[in-house]
Amino acid sequence: MATATMRRAPVWPMLRLQTWAEFLKLWRVPAFTLTSLFLPVMFYAFIGVGQSSQRIFPNVTFGAYFLASMAVYSVANVMIFSFGISVATERGMKMDVLQRATPMPPLVYLLSKCITALFFAALTLAVLFPFAYIAGNVRLDPSAWVTLASRVLLGSLPFIALGFAIGYLSGPNSAIAVINLIYLPTAFASGLFFPKQLLPQFIQQIAPYLPLHFFGQLGWDAIGAPTDGTVTTDWLYLAAYGVFFFAVALWAYRREESRKFT
Amino acid sequence: MPPAAQLIDATKKYGSVEALKGVSIDIELGDVVAMLGPNGAGKTTSISLLLGLRKPTSGKALLFGLKPDDLNARSRVGVMLQESGIPTVLKVRELVDLFRSYYPKPMARDRAIAMAGLEEKANAQVKELSGGQKQRLYFALAVCGDPDVLFLDEPTVGMDVEGRRSFIERIAEFIQMGRTVVLTTHYLEEADQLAKRVIVIDRGVVIADASPQEIKSRVAGKRVRFVAALTEKDLEGLPVSASTIQDHSVQLLTNQPEAVLRELFRRGVDISDLEVAGADLEDAFISLTTHKADD
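So the sequence lines, in the order shown, correspond to chains G and F.
All residue numbers for the first sequence refer to this note's numbering, where the first residue is 1 and numbers rise by one.
All residue numbers for the second sequence refer to this note's numbering, where the first residue is 1 and numbers rise by one.
Bound conformation, chain G alone (with noise of 0.2 Å):
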């Protein structure tokens, strides 16, 4: 009899309004929202309009080149700084105390960032693309476009747990530094931002291994450039960088909870 009278609220459109919720959190705070639509941007103008239709392939202008290592830097950008920003400080003020007493599913609560992060990770694209169309006069095939665009999205995706992993490790004052500290030399080391020929010996030997490495082959790919070894095995790594992740951002979370809720 008891059974009978329990009800729960129905999970879509709780997902919707905690979705938007979210969405809300990030999109009032300018530092967030203007760093990650118009940093990108901003890069593509200095570095990437001024040489844009150089050759640095056969068929692959600079501007189409920079174009898809913007594209992977914003979006991987987005993920980490969305996550690892967020978890952190709602962390610091003890949202999560007063959440975790509702009858709100964890999983909400994580699918609700997922989705907001990947929105805004689009809404990066959105803001890029047209700039780089324009100011960058790229001419790619709408094929393309649309092959960088959906390669950049899905392949963001262990950058999600990487930006969770980071939320649950530091704390709400020193996430905005620890990432910087991983993301932008990696970014760097990639060959996100200067061919890697540029770089020093020894981290030419290192960035193979990066996963930012292989997200930014993938982008690169999409848009005609060559790319070592081949895009299965470019997700393969991707992949098991996100596995890793997951597992890394899982073991974190489990370590505050029996902390903070045992």
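Don't read these hints as lab results, they were simulated from the structure.
One or more hints might be untrue.
[What the hints assert, rightly or not] Quick list of in silico lysine-lysine cross-link-like pairs, PhoX-like style, CA-CA up to 20 Å:
| # | chain 1 | residue 1 | chain 2 | residue 2 |
| --- | --- | --- | --- | --- |
| 1 | F | Lys60 | G | Lys260 |
| 2 | F | Lys216 | G | Lys94 |
| 3 | F | Lys216 | F | Lys196 |
| 4 | F | Lys55 | F | Lys13 |
| 5 | F | Lys67 | G | Lys260 |
Use these hints to put chain F onto chain G, whose structure you have.
Relative to chain G, chain F alone:
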């Protein structure tokens, strides 16, 4: 039907600190319970166990006969916690809508906002709210799911007198809807005004569980207040059940105020501002907890 909330011989250790030492409490639907006790007595720990935010070291915590982290049980519970945060850039109505979506049969958004008296702030972001308004927002989030049981952990902490008074009225309004309320407080007047049942917790142990009237009647005595230069030592041998001395203002609880005063005069103590009155819940509480300390 299992009780709405239940602790069965629950203990809780934080490292080597024993916050709860075997507490058993049954809270039935319709109860209005105040958990009373000094800071660090174990009130918040008890609530945390009942909400599944903490796990008992031994013993059990149950909500509607289920584990407290069971979402079916949580769907019937509204919560207001001490020290918890909410996103500062969200608006009041957005947060209320969000929390309503967590519950199977929530009340209308405007009703929840009105119950918290936040009609004029419905479109304000959390960061624009004052401390008291924020506290009322937490209340709106706790009641918006139209829960069967409402847990309020120190709901009026940090409020001024007026804020506290109007907040107590809002809680009373919810109680009038026939709902179960469990609140912790160290303000005795709150317990007296709201609760039908008072559970006194001190140092991790329940030392009284009765109606406010019963608890008051346990100290069927008088409260004697006066100003005099004396120390605890001067009270030795007097029929006093509890005493507090702060600077020169003395407060005693006793069943024989005349005898106490006669003896004090005989000892030559110089007394001013004498006041003798019936003991209230606060006095009862002091007497209960100081008695415990003497053991």
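Here is how each hint holds up against the structure:
1. Only pairs whose Cα atoms come within 20 Å are accepted, and lysine 60/F paired with lysine 260/G is accepted, the gap being roughly 19 Å.
2. Restraint check for lysine 216/F and lysine 94/G: the C-alpha separation of about 38 Å exceeds 20 Å, so the hint is violated.
3. Note on lysine 216/F and lysine 196/F: the hinted pairing holds, with a Cα-Cα distance of about 13 Å set against a maximum of 20 Å.
4. For a cut-off of 20 Å, the pair hint linking lysine 55/F to lysine 13/F stands: about 10 Å separates their Cα positions.
5. For the proposed pair lysine 67/F and lysine 260/G, the alpha carbon gap of about 18 Å is at most 20 Å, so the pair holds.
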